[in-house]
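*Asks:* Same order as they appear, the protein sequences are chains A and B. Positions in the first sequence are counted from 1; adding 5 to them yields my numbering. Positions in the second sequence are counted from 1; adding 670 to them yields my numbering.
Hint data in this document are derived by calculation from the structure and do not stem from the laboratory. C-beta: ideal position from N, C-alpha, C; glycine also. Just so you know, not all the hints are guaranteed correct.
[Said to hold, decoys possible] Calculated lysine to aspartate or glutamate pairs in the DMTMM-like style (CA-CA distance at most 20 Å, straight line):
#1 A:Lys117 x B:Glu783
#2 A:Lys145 x B:Asp715
#3 B:Lys780 x A:Asp69
#4 B:Lys821 x A:Glu43
#5 A:Lys39 x B:Glu767
#6 A:Lys39 x B:Glu783
#7 B:Lys773 x B:Asp810
#8 A:Lys36 x B:Glu767
#9 A:Lys35 x B:Glu767
[Said to hold, decoys possible] A few chain B residues that don't get close to chain A, going by computed Cβ distances all over 10 Å:
#10 Arg706
#11 Asp807
#12 Glu820
#13 Ser840
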Amino acid sequence: MLQTLAKIFLFRRYIVGITIMAGNNFQFIKKICKSLGENNKPTYVVMSIAAVKGICRPTFTMMDKTENPETKKYTALREGLTEVIAIPAYWTCGELSGKIAQKVFKGTGLEKRAATNLMFMGVCAAALFVIPGLCSIVIKPIMDALGLKNPEENKKSVKKTDITIPSQMKTPEISTQPLTHINTYPTMKAFTTRPQTGLKVGGL
Amino acid sequence: MIGAIKNIVTSSQLANVAQNTAQSVTVETTLKAIGRPGFILIDNDIDADTKQYAAAKEFLYQATCLAVYMALIVPVFKKGGFKLAKNIIFKNTQGFEHFKNVKEYTHYRKLAENPNIENRQASLAKIIPGKDVKVKDQYDGVLLNELTKEKPDLFTNVKGAVELSNLIGSVLGLAILAPQVSHAFIHPALKLLGLEDKNKKTDNKQADKNSNTTPNFNVKA
Numbered sequence: 006m007l008q009t010l011a012k013i014f015l016f017r018r019y020i021v022g023i024t025i026m027a028g029n030n031f032q033f034i035k036k037i038c039k040s041l042g043e044n045n046k047p048t049y050v051v052m053s054i055a056a057v058k059g060i061c062r063p064t065f066t067m068m069d070k071t072e073n074p075e076t077k078k079y080t081a082l083r084e085g086l087t088e089v090i091a092i093p094a095y096w097t098c099g100e101l102s103g104k105i106a107q108k109v110f111k112g113t114g115l116e117k118r119a120a121t122n123l124m125f126m127g128v129c130a131a132a133l134f135v136i137p138g139l140c141s142i143v144i145k146p147i148m149d150a151l152g153l154k155n156p157e158e159n160k161k162s163v164k165k166t167d168i169t170i171p172s173q174m175k176t177p178e179i180s181t182q183p184l185t186h187i188n189t190y191p192t193m194k195a196f197t198t199r200p201q202t203g204l205k206v207g208g209l
Numbered sequence: 671m672i673g674a675i676k677n678i679v680t681s682s683q684l685a686n687v688a689q690n691t692a693q694s695v696t697v698e699t700t701l702k703a704i705g706r707p708g709f710i711l712i713d714n715d716i717d718a719d720t721k722q723y724a725a726a727k728e729f730l731y732q733a734t735c736l737a738v739y740m741a742l743i744v745p746v747f748k749k750g751g752f753k754l755a756k757n758i759i760f761k762n763t764q765g766f767e768h769f770k771n772v773k774e775y776t777h778y779r780k781l782a783e784n785p786n787i788e789n790r791q792a793s794l795a796k797i798i799p800g801k802d803v804k805v806k807d808q809y810d811g812v813l814l815n816e817l818t819k820e821k822p823d824l825f826t827n828v829k830g831a832v833e834l835s836n837l838i839g840s841v842l843g844l845a846i847l848a849p850q851v852s853h854a855f856i857h858p859a860l861k862l863l864g865l866e867d868k869n870k871k872t873d874n875k876q877a878d879k880n881s882n883t884t885p886n887f888n889v890k891a
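Bound-form chain A, shown alone (with noise of 0.2 Å):
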């Protein structure tokens, strides 16, 4: 019932804003094409798809009813974080690249040639290393602050405190590698350790 009305009510917003748009002659949206048709920064796209992405993503994970409730909500937060960092580095590698380019082509003739070249090569620097780099730095802290853990390595954890084991068979302590590293995304073990849900594969 509230999922009819909700479609109902969001129907009738799309209708009511096609009208607005058409009485209004298309103002707006022929606003964007001259500004596009201008000047079409690298940025725009790449921002665009990663605040996209940042909506749907989690809110497709949530949406998961096969899935434990404290798995999806770790998974929704992750992709929504991975986002959330993706945005502003998407802006600050392109536009700061922009910027240097203008100033050391500055007086050529070339500078604004030169700043989208170079802001197209840093976003694509961005996609490449700059946001795997941050989301390793970042998203671990933020998911431990919150109390959120990865919950396949909870399930280890459990799984290694019930081992019983009698005292004869004891034997050394052996100091070994922890089998997985989460959030460790420049290793892309992060592939690997998610849980297994949801959108789990995935560029940024």
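Following the hints, position chain B against chain A.
*Replies:* Here is chain B on its own, set in the frame of chain A:
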């Protein structure tokens, strides 16, 4: 070396790619599809099987994104967006009246961006292969007149409409459609490659090893 870098940074072709939503997203996704699995493979902290699995998974995800983008988003949104803008939003005005489709506009823009007027005229005089028609016969008088000017009108509204529809297509394709498609496609693909089972086995082996080597928890007498 510095000269080569300068040439790349000031390249007009790269600037065209950077200003074009569809091309820039394609380049970026291709870089991600090559770069990210590459970084996983050169990481020495992970064992070989896990590395292979993670790299294959990442490559397949980016490849799916690229395939969905190229196959569906670019043709559908590029052509559809142009038609929608031409017929409904701009109602065949503000430059749209001169072009029948995106291809015609792209060709005009390429010529208009060429600073040499003589080169433009030479391109216009060429015969389209297989059609026996000159390029200039496809342009109306206004466009031909513009191409004789030093700085022809680039019809930014048309370019903007194409870019806006590409942007909407990119967002819908890469943020919503591609993850769903890859979710359905990646696991069967990994199974087919024999990487999924291998990874599970490695995980189990390592878990067993781990539980055997750390028996110092809750030891009961």
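*Asks:* If we take the beta carbon of aspartate 807 of chain B, is the closest beta carbon in chain A still more than 10 Å away?
*Replies:* holds, 27 Å
*Asks:* Taking only the CA atoms, is the gap from lysine 35 of chain A to glutamate 767 of chain B under or equal to 20 Å?
*Replies:* With Cα atoms ~16 Å apart, lysine 35 of chain A and glutamate 767 of chain B stay inside 20 Å; holds.
*Asks:* Check the hint pairing lysine 117 of chain A with glutamate 783 of chain B against an upper bound of 20 Å on the C-alpha distance.
*Replies:* holds, 15 Å
*Asks:* Taking the minimum C-beta separation from serine 840 of chain B to chain A, is that value above 10 Å?
*Replies:* violated, 5 Å
*Asks:* Hey, does arginine 706 of chain B actually stay past 10 Å from chain A on C-beta?
*Replies:* At roughly 7 Å from the nearest Cβ of chain A, arginine 706 of chain B sits no farther out than 10 Å, so the non-interface label is violated.
*Asks:* Please settle this one: glutamate 820 of chain B was flagged as non-interface, so is its CB more than 10 Å from every CB on chain A?
*Replies:* holds, 15 Å
*Asks:* Would the hint linking lysine 36 of chain A and glutamate 767 of chain B be met if the CA-CA limit is 20 Å?
*Replies:* holds, 19 Å
*Asks:* Given the hinted pair lysine 773 of chain B and aspartate 810 of chain B, is their alpha-carbon gap at most 20 Å?
*Replies:* holds, 15 Å
*Asks:* Can you confirm whether the C-alpha distance between lysine 145 of chain A and aspartate 715 of chain B stays at or below 20 Å?
*Replies:* holds, 18 Å
*Asks:* Does glutamate 43 of chain A sit within 20 Å of lysine 821 of chain B, going by the straight-line distance between their CA atoms?
*Replies:* Satisfied, since the Cα-Cα distance of roughly 14 Å is no more than 20 Å.
*Asks:* Is it true that the CA of lysine 780 of chain B sits at most 20 Å from the CA of aspartate 69 of chain A?
*Replies:* violated, 48 Å
*Asks:* Sort out whether glutamate 767 of chain B lies within 20 Å of lysine 39 of chain A, counting only the CA atoms.
*Replies:* Status holds; Cα separation ~16 Å.
In this structure, the earlier hints numbered 3, 10, 13 are contradicted, and the remaining ones agree with it.
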